[in-house]
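Engineer: Residues per chain are reported as follows:
Protein chains: 2
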Amino acid sequence: MKYYPASHTVLDVYEVNRAIEEIFAEHGRGKVQMPPKLYITLPTGDFRTMPAYVPGLHIAGVKIVNVHPQNREKHLPTVMALTVILDEDTGMPLAIINATTLTDMRTGGAGGVAAKYLAPTQSSTLGVVGSGRQALAQIAAITAECDVQEIRIWSKTPAHAEKLAALWKTHDAVGATLEKCCNCEIIVTTTPSRSPIIKDEWIHEGTHINAIGADAPGKEELDPQILLRSRVFVDDKDQAIHSGEINVPIRKGLFQAEDIAGTLGEVVLGRKKRESNDEITVFDSTGLAIQDLAMAHLVMERGEWQELSFPVHK
Amino acid sequence: MKYYPASHTVLDVYEVNRAIEEIFAEHGRGKVQMPPKLYITLPTGDFRTMPAYVPGLHIAGVKIVNVHPQNREKHLPTVMALTVILDEDTGMPLAIINATTLTDMRTGGAGGVAAKYLAPTQSSTLGVVGSGRQALAQIAAITAECDVQEIRIWSKTPAHAEKLAALWKTHDAVGATLEKCCNCEIIVTTTPSRSPIIKDEWIHEGTHINAIGADAPGKEELDPQILLRSRVFVDDKDQAIHSGEINVPIRKGLFQAEDIAGTLGEVVLGRKKRESNDEITVFDSTGLAIQDLAMAHLVMERGEWQELSFPVHK
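Chains B and H, in that order, give the protein sequences.
In this text, residue positions in the first sequence follow the numbering used here: the first is 1, and each later residue adds one.
In this text, residue positions in the second sequence follow the numbering used here: the first is 1, and each later residue adds one.
Keep in mind that the hints were calculated from the coordinates and are not lab data.
Any copy will do: because identical chains look the same in the list, a pair fits if it lies in one copy or spans two.
With a Cα cut of at most 16 Å, we get these calculated EDC-like pairs of lysine to aspartate or glutamate: (1) K2 with E307; (2) K74 with D89; (3) K180 with E150; (4) K74 with D87; (5) K180 with E162; (6) K237 with E266.
Use the sequences and the hints to build the structure in full.
Structural biologist: The following block contains the structure:
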C-alpha cells in the first residue's frame, strides 16, 4: 500500500483540467458509480464521505473531506482531505493520498473545464468573488483554458484581494468592488455565503458564472433571479439539488429540477452547449467523488510515495 | 497522522467484547450518527463505505471494506479493511488503521455480546456453521462470555471443520454434521449462503442463534420459518432490513419490520431481553460502522503506529 503525502506538487494545472474533462465525459456517458455523498455533523463542522468507481479508468475509492470554518484560527485549512484507492479486482487498499490541495485543484479543474466550454468568448475579463484557496485554484484553472485579459478580485477583507491579485500581475489582476467583479465575461463565486451576495442587476448578458461556494444545504451566493434568466448547468443533478447553488431556490420553489439545462459531462460530450453569445450560463459545482478519483489516477502515475505494510494474514 | 498496520495483536477478545458492548449501549441510547453503508459494485466483488460518529467516545471516522469471494484463489482474504479516523474538532485525519483482522474481531464481539445477553444459559454447547475467519472470531468471542462445554463445527469441506476444531480442543471442539451443529444452545451461522441451509425442524426451543453470514441483499442462511417462531434482535434496523438475515424474508413478505423484537443496543441497556428459557432468540448481525469506531478507539490507545506526514499548507 502506497502513501502519497504531497503529490499535488508534481501536477500541472493544464493536465489536471484534461483529467477532469475526461472524468466528466465518463459521467456524461453514464459510466460511473457514484452514490450521493454522506454527511456527518461534527461539533464545529462536518465531514463528507465520497465513494466512487470509474470502470473506464480502472479506479475505485473514497475521498473523506471535512469542512471546519473555524480552523483558520487554529492555523489549519478549513478543508482537509484523504483519498483511499482500492484495487478493482481484489478490493485491497492500494493507495492513501493526502488530497487536501488536490481537492482545491480538482474543484478548480471543473471551473476551468466549464469556462472552456461555456464562456462566451475565449478572450475575457475574469471576476473572482472571494480570495481564499478556491479563488486561487479557479484563477489557475481558468487562465489555463481561456485568454484572460484582466482579473478583478473582491474580498470581504480588501487586503486579501490585493494579496491574491499580486500573484497574478501577469494577468493584470486587481482588487475591485463586488459590482465591478460582476461586470466581467467570466465570474467565479467562491464564498461560504448563506444568503445571496451577487445582485441580479450586476450580471449582464453573455456572462458565464462558476458558482463554486455553495456545497452544502443552506448555502447560496447568487440572487435566484439570476438563475431564472440563465441556463444552469450542474456537475451532478442529485448533488446540485441537495447542496449546490440551486439547493435553496429549489427548496423555496423558485427553481425546479426540470430547469437544469444539463450536466458538465453532457457539455464536454457536446450534447449541450452555450447557444448564443447573449445568454447567461451558470455552472453549479458541488464537487464530485469522480473528480477525486481523476486526481488520484494522476497522482498514482507519478507522485512520490512511501510504502506502507498492510499485513492481512494472521 | 498515525498509521496502525497490525494493531489487532495487542487486543484481547474480552476487552473487545466490552468495547463492543459499550458502543451498542451508545447506539441503544440513540447517541450515534451512522448513515446507511454505501455499496459500490466492482467486477468481482464490492466495497462498502461506512462513516460514523460517536460523540460520547469523541471518535469519528470511516471504515472502507471490500468483499471479494474469489480472493482466496489469489491467496488474499475475501474481506480487507481500512479505517480512517478524523479529529472531531478540526476534521483533520488522525489515524489510518489496517482494519482487516479488526473487522473479524468486531463482528465476533457483537456475537459474543449477543450470546452473553440472549443465550438461554451460561453453560452451553456451541454449534458453528462455517469454518472461516468469522467462525473463528465467533468462537473466540463467545467462549470469552459463556461457559461453553462443547463446540460442534460444520463445514462444506469437513477437513476445514476438523482443522478449526483442532484449535479448540480445550472446549471439546469436533467436526459435526449440520444437523448436530443445530442441536445446541448457541448456534452461529457464518456462511455466504444465498439460500437457507438451516432447517426449521433442526432448531429446538431455548436456542440462541447468531446469524452472521447475511450482510448483503440476497443473502440468507436460516429457513424463514425459524424467524417466525423466534424473537429476532438486530444490530441496526435499517441495515438489517436492507442486508441482514431478514432482508430476503422481508422482501418476500414472510417477515415484517414490525416483527423485529429490538436492537442489541436495547438488549445491552436492559430494555429488551430473553423472556423465557424456551424461546428461540436470533441476533441478526450486519456489522456496524460504530463497531469499527470502537475498535479504532481501542487501537489508538495502545496499538503500534508509524508517523506519516500530512502537509496541509502550501
